Amino acid sequence: MSNISQSANLLILLIGNIFGQQFIPADPFNVLEIEQKQFSDSTSISSLMLRPIISNRNTSNWRILARTEFYYNNNTPNLENMGNRYIGKGLGMFTGINLSYSGKFFSFSIEPFYLTSQNNEVMTVGRDAMFGRLNDAGYNRDSPYSSTGLRETQLYLHYKDIGIGYSNANMWWGPGLHSALTMTNNTTGFPHLMIGTLNEKRIRNIGVNVRYVFSTLDKTIGDPYFTALVWTLRFYTDPLITIGLSRNYLSGGLPTDRPFTKMDAALIVFEQLLIDTKIKEYPPDWDPHDPWDELMSGFLMLDFPLSKLRLYAEFGTNDHRQNFSDLRAQPDHASAYILGMRKYGLFQNDNFVAGFEYTNLILGKFWKYRATPNWYDKDYYDYSSYDGRRWAAQSGSDSDDLYIYFGYQSDKWTFIPALNYERHGVLYTRPAEVKMEVRLDFRYTYKAYRFNVFFEREWLEHAGFVPDKWRIGNVIWFGVERDLTTLFAKK
Numbered sequence: 476m477s478n479i480s481q482s483a484n485l486l487i488l489l490i491g492n493i494f495g496q497q498f499i500p501a502d503p504f505n506v507l508e509i510e511q512k513q514f515s516d517s518t519s520i521s522s523l524m525l526r527p528i529i530s531n532r533n534t535s536n537w538r539i540l541a542r543t544e545f546y547y548n549n550n551t552p553n554l555e556n557m558g559n560r561y562i563g564k565g566l567g568m569f570t571g572i573n574l575s576y577s578g579k580f581f582s583f584s585i586e587p588f589y590l591t592s593q594n595n596e597v598m599t600v601g602r603d604a605m606f607g608r609l610n611d612a613g614y615n616r617d618s619p620y621s622s623t624g625l626r627e628t629q630l631y632l633h634y635k636d637i638g639i640g641y642s643n644a645n646m647w648w649g650p651g652l653h654s655a656l657t658m659t660n661n662t663t664g665f666p667h668l669m670i671g672t673l674n675e676k677r678i679r680n681i682g683v684n685v686r687y688v689f690s691t692l693d694k695t696i697g698d699p700y701f702t703a704l705v706w707t708l709r710f711y712t713d714p715l716i717t718i719g720l721s722r723n724y725l726s727g728g729l730p731t732d733r734p735f736t737k738m739d740a741a742l743i744v745f746e747q748l749l750i751d752t753k754i755k756e757y758p759p760d761w762d763p764h765d766p767w768d769e770l771m772s773g774f775l776m777l778d779f780p781l782s783k784l785r786l787y788a789e790f791g792t793n794d795h796r797q798n799f800s801d802l803r804a805q806p807d808h809a810s811a812y813i814l815g816m817r818k819y820g821l822f823q824n825d826n827f828v829a830g831f832e833y834t835n836l837i838l839g840k841f842w843k844y845r846a847t848p849n850w851y852d853k854d855y856y857d858y859s860s861y862d863g864r865r866w867a868a869q870s871g872s873d874s875d876d877l878y879i880y881f882g883y884q885s886d887k888w889t890f891i892p893a894l895n896y897e898r899h900g901v902l903y904t905r906p907a908e909v910k911m912e913v914r915l916d917f918r919y920t921y922k923a924y925r926f927n928v929f930f931e932r933e934w935l936e937h938a939g940f941v942p943d944k945w946r947i948g949n950v951i952w953f954g955v956e957r958d959l960t961t962l963f964a965k966k
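Each residue of the sequence shown is one higher than the last, beginning at 476 in the numbering used here.
Note that these hints are calculated values from the structure, not bench results.
For clarity, every value in this text was computed on a predicted model and none was experimentally measured.
In this text, a Cβ means the ideal position worked out from N, Cα and C, and glycines have one as well.
Take every hint as true, because none was put in to throw you off.
In the DMTMM-like style, the derived pairs of lysine to aspartate or glutamate whose C-alpha atoms are separated by at most 25 Å in a straight line are:
| # | residue 1 | residue 2 |
| --- | --- | --- |
| 1 | 694 | 502 |
| 2 | 853 | 794 |
| 3 | 755 | 732 |
| 4 | 676 | 636 |
| 5 | 853 | 762 |
| 6 | 853 | 807 |
Quick list of the computed label-pair ranges, beta carbon to beta carbon:
| # | residue 1 | residue 2 | range |
| --- | --- | --- | --- |
| 7 | 807 | 943 | 29 to 39 Å |
| 8 | 685 | 883 | 29 to 39 Å |
| 9 | 764 | 896 | 32 to 42 Å |
| 10 | 625 | 905 | 38 to 48 Å |
| 11 | 920 | 579 | 30 to 40 Å |
| 12 | 685 | 756 | 25 to 35 Å |
| 13 | 730 | 888 | 54 to 64 Å |
| 14 | 949 | 752 | 47 to 57 Å |
| 15 | 943 | 624 | 36 to 46 Å |
| 16 | 782 | 739 | 40 to 50 Å |
| 17 | 681 | 745 | 15 to 25 Å |
| 18 | 943 | 549 | 16 to 26 Å |
| 19 | 625 | 730 | 33 to 43 Å |
| 20 | 779 | 920 | 25 to 35 Å |
Produce the entire structure from the sequences given, and follow the hints as far as they go.
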């Protein structure tokens with residue numbers, strides 16, 4: 476562990492505060508605090524549904540930030556929605572320095588980072604196929620494991636919040652805090668082209684956010700293409716109403732009966748929605764069902780500013796509909812959903828926060844004429860994973876996930892305990908694998924420094940789908956953050 480000690484001594488003074496950033500990142504770590512401030516300060520709460528976004532801060536255009544985190548994990552790789560921070564067994568450390576700038580026509584961020592973990596050997600539970608890409612799988616990483624490079628790197632040319640750019644930053648699409656059906660920061664951010672809005676574009680009482688994303692996934696089997704079109708509309712009424720839609724494809728990367736170019740992949744999200752409409756344009760020797768993997772997901776969010784309440788839902792399907800008759804007959808075929816609530820100011824105290832979120836990706840129980848497919852089940856696309864972990868819902872195929880939290884959050888300190896109950900292979904086998912977690916999240920601000928201590932205890936029952944087989948683990952995470960911008964400001 477000498478590398479960890481040397482790096483810690485070198486970088487312990489470069490500890491920074493994420494709140495100074497010009498970009499609000501995909502990471503949900505600070506979403507509760509940002510939303511709490513929005514509900515307290517304004518009746519026109521902005522949407523954080525599509526991230527990253529450019530912050531509305533009106534201070535300096537430049538930000539220099541640093542953060543250092545230390546981990547101890549006594550069992551399998553753990554913690555979700557951590558980007559490229561890999562928390563293997565043993566001691567580990569992450570440190571990074573983020574430089575960002577936002578101007579009238581040009582914005583960027585760049586974050587050199589260093590990550591190291593002992594990543595000691597652990598007991599494997601014998602899952603394979605679509606259950607082999609859960610976060611505890613390890614994915615053949617070295618022991619010890621280290622990684623260095625540039626993350627959260629973004630470069631955009633824009634005018635009035637509309638722009639084009641290239642990025643490897645994590646993304647998040649959807650109203651959820653703990654999960655989303657099509658895009659989260661559960662794995663390493665992948666390089667991508669982005670065209671669209673960098674923040675909500677306000678047109679009278681309607682806020683518009685539209686993004687087109689295209690990427691070649693170089694850390695996924697076959698180097699397939701990822702193409703997405705995602706948008707939201709926010710109506711500033713009472714209550715505030717936000718609707719949205721995400722359509723994304725995995726395509727290419729395998730031989731087919733038809734020519735398929737990079738340009739075809741780039742334009743695939745603009746194709747017809749129904750198979751019967753598409754096949755009219757196909758030659759007779761083409762299979763009417765292409766092998767690509769399409770996901771569609773719709774968002775709905777209701778905000779009640781006076782009561783500081785947010786209700787939300789996400790509903791998605793991973794099956795290409797044949798026609799409208801098919802859609803009417805089986806509207807829930809191959810579907811998944813998320814339901815949630817976040818409430819600020821409980822018991823007439825602005826500092827209390829509570830919420831729950833339930834994600835259901837369980838394989839459909841009923842169908843007619845054709846079987847219901849699982850979500851994230853394409854083996855030739857590595858089960859929708861990148862760099863060994865899924866970029867969407869971390870609970871994975873044939874699963875459900877309940878997250879409940881209640882706590883106290885002020886400008887000085889925060890303490891939010893949480894419970895997480897998650898099942899894998901609910902219809903795949905009996906009994907299903909059950910994961911239960913208790914989390915304690917404590918944060919404290921002292922002058923310009925922000926400290927956080929996070930503890931999680933995990934119980935895995937029927938591990939690897941073996942009845943009554945148990946695995947228990949603990950993770951503790953200590954972090955310090957500070958904004959360094961003022962050190963370089965003119966006196």
